[in-house]
Amino acid sequence: MTRLQPMAPSDAPEDDAPSVEAAALAGDGGAWAALIKRHDHKVVVALLARGVLLERARELAQETWLRLMEQQRLGRLGELTLPGLAIVQAGFLAANDRRRSALPPGLTDVAPAPGPSAEDTVIGRQRLALLGQALASCPPGARRVFMEVYDHPELGYAEVAQRVGLSVQRVKQIVFEVRKRLRQALAEADS
Amino acid sequence: MKAEEMSGVGGVQAHASADELALFILDALDPPARRHLERHVAECAACARALSAEAAAEVALTAAWSEVPRPLAPVLSLPVRPAAVVPVPAPARAVPRPVAAPALRRSSARHHALAGNSWSNGLAAAVLTVLFVGYWNDGGRMTTMMGASGRSRAAGELGEAAQCTRELFTPAPLLLASMAPEPRGARMCTVADPGETPGGLCQEPAAACGE
Chain A
1 MTRLQPMAPS DAPEDDAPSV EAAALAGDGG AWAALIKRHD HKVVVALLAR GVLLERAREL
61 AQETWLRLME QQRLGRLGEL TLPGLAIVQA GFLAANDRRR SALPPGLTDV APAPGPSAED
121 TVIGRQRLAL LGQALASCPP GARRVFMEVY DHPELGYAEV AQRVGLSVQR VKQIVFEVRK
181 RLRQALAEAD S
Chain B
1 MKAEEMSGVG GVQAHASADE LALFILDALD PPARRHLERH VAECAACARA LSAEAAAEVA
61 LTAAWSEVPR PLAPVLSLPV RPAAVVPVPA PARAVPRPVA APALRRSSAR HHALAGNSWS
121 NGLAAAVLTV LFVGYWNDGG RMTTMMGASG RSRAAGELGE AAQCTRELFT PAPLLLASMA
181 PEPRGARMCT VADPGETPGG LCQEPAAACG E
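Note that the protein sequences, when read in sequence, are chains A and B.
Residue 93 in my numbering sits at position 93 of the first sequence, with consecutive numbering throughout.
Residue 101 in my numbering sits at position 101 of the second sequence, with consecutive numbering throughout.
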């Protein structure tokens, strides 16, 4: 499979997501590189959630970006809403991949985790309320950083760090801690 | 296979911890740890499943995030202004203005103003009743033992207790002032009253209020 080659750094500003996407829509390779760097891991995570193996998920993510760039070059890409569009495209590729495979899914992919799949998982009202309570119990500063990250999936850690005035490493640490607290709240409710 | 170990190509390696998996999903692992985890997950089916589950949890959280109730912003402490009573003007200079349901509004305001007094009086009466019933059930022994002077002293103490109860549950003077019956001819201000404070008392001729 063709792997994307690293491109030259883009001149597009990192903190202005719409302009980067507009530049990518205009065919700017550097803008595409910036967007791939920003959103590729989210695409991989979405594929992992579908039970795709990590290595295969990386390949499918690469193929996803190639297809999007190809569609842009053909003028079929009217707008670029990321990471949603890439995740949807990757989902189609994963489904095709599974259908094309001669081997049963269990031998090529990791069997999905026990319980409902990511698509079927619906966080009920009660669990949403628990999440809200756990979020409210976090320090306001940490809460703000976490909400900034999850309210703006189009932004990367670097952009969020710039917005909140913290280092990228600190933003990652805060997101990890708050997310851990949310997961613990759900786990305690389940137990 | 033990929980802490796995059989890999390079020998026995520790399973990835939940924190490592979460950090990987968040793209927050440093490069050496990430490479180590990727090598391990490629060879360990259990950790690959755990990674898939962690990814599914992340996708679910992301999908439901917009519905997670957000903590409310701290409530601003607004300054409390005392109710301003505008003096009632002379009827000759007053300009009648139509007022929606003035009688009902006045009745409601008076009800609220008197509610505090009624409540404290009722509570005092209840205390007295309890004391009296207790004395009654006691068969009058307390009275007998105390004698005439004791009875009068007991009556005095009961009176003091009632007074204390009434004082205890009487609203503070400031509250009383705000709950006092509005002056005759005054009415509550509304937003529609130009130049007046909503909720305060406005000047209003008695005739316009239906009296």
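The hints are simulated quantities; they were obtained by calculation from the structure and are not laboratory data.
Note that the Cβ used here is the ideal one computed from N, Cα and C, for glycine as well.
Just to be clear, a hint being listed does not mean it is correct.
[Claimed, not checked] So the derived label-pair ranges between C-beta atoms look like this:
#, chain 1, residue 1, chain 2, residue 2, range
1, A, Val164, B, Leu123, 51 to 57 Å
2, B, Pro32, A, Arg67, 28 to 34 Å
3, A, Gln126, B, Arg39, 21 to 27 Å
4, B, Pro69, A, Pro153, 37 to 43 Å
5, A, Gln133, B, Thr129, 40 to 46 Å
6, A, Gly84, B, Glu43, 28 to 34 Å
[As the list claims (entries may be wrong)] Part of the chain A face toward chain B, derived, beta carbon under 7 Å:
#, residue
7, His41
8, Tyr150
9, Lys172
Hint-by-hint comparison with the structure:
1. A:Val164 / B:Leu123: 51 to 57 Å: Holds - the Cβ-Cβ distance for Val164 (chain A) and Leu123 (chain B), about 54 Å, lies within 51 to 57 Å.
2. B:Pro32 / A:Arg67: 28 to 34 Å: Holds: the Cβ-Cβ distance is about 32 Å, inside 28 to 34 Å.
3. A:Gln126 / B:Arg39: 21 to 27 Å: 40 Å, violated
4. B:Pro69 / A:Pro153: 37 to 43 Å: 19 Å, violated
5. A:Gln133 / B:Thr129: 40 to 46 Å: Taking Cβ atoms as reference, Gln133 (chain A) and Thr129 (chain B) lie about 45 Å apart, which means the hint holds.
6. A:Gly84 / B:Glu43: 28 to 34 Å: Between Gly84 (chain A) and Glu43 (chain B), where Cβ atoms are some 33 Å apart, the hint holds.
7. His41: With a closest approach of 4 Å, the His41 (chain A) hint holds.
8. Tyr150: 5 Å, holds
9. Lys172: 4 Å, holds
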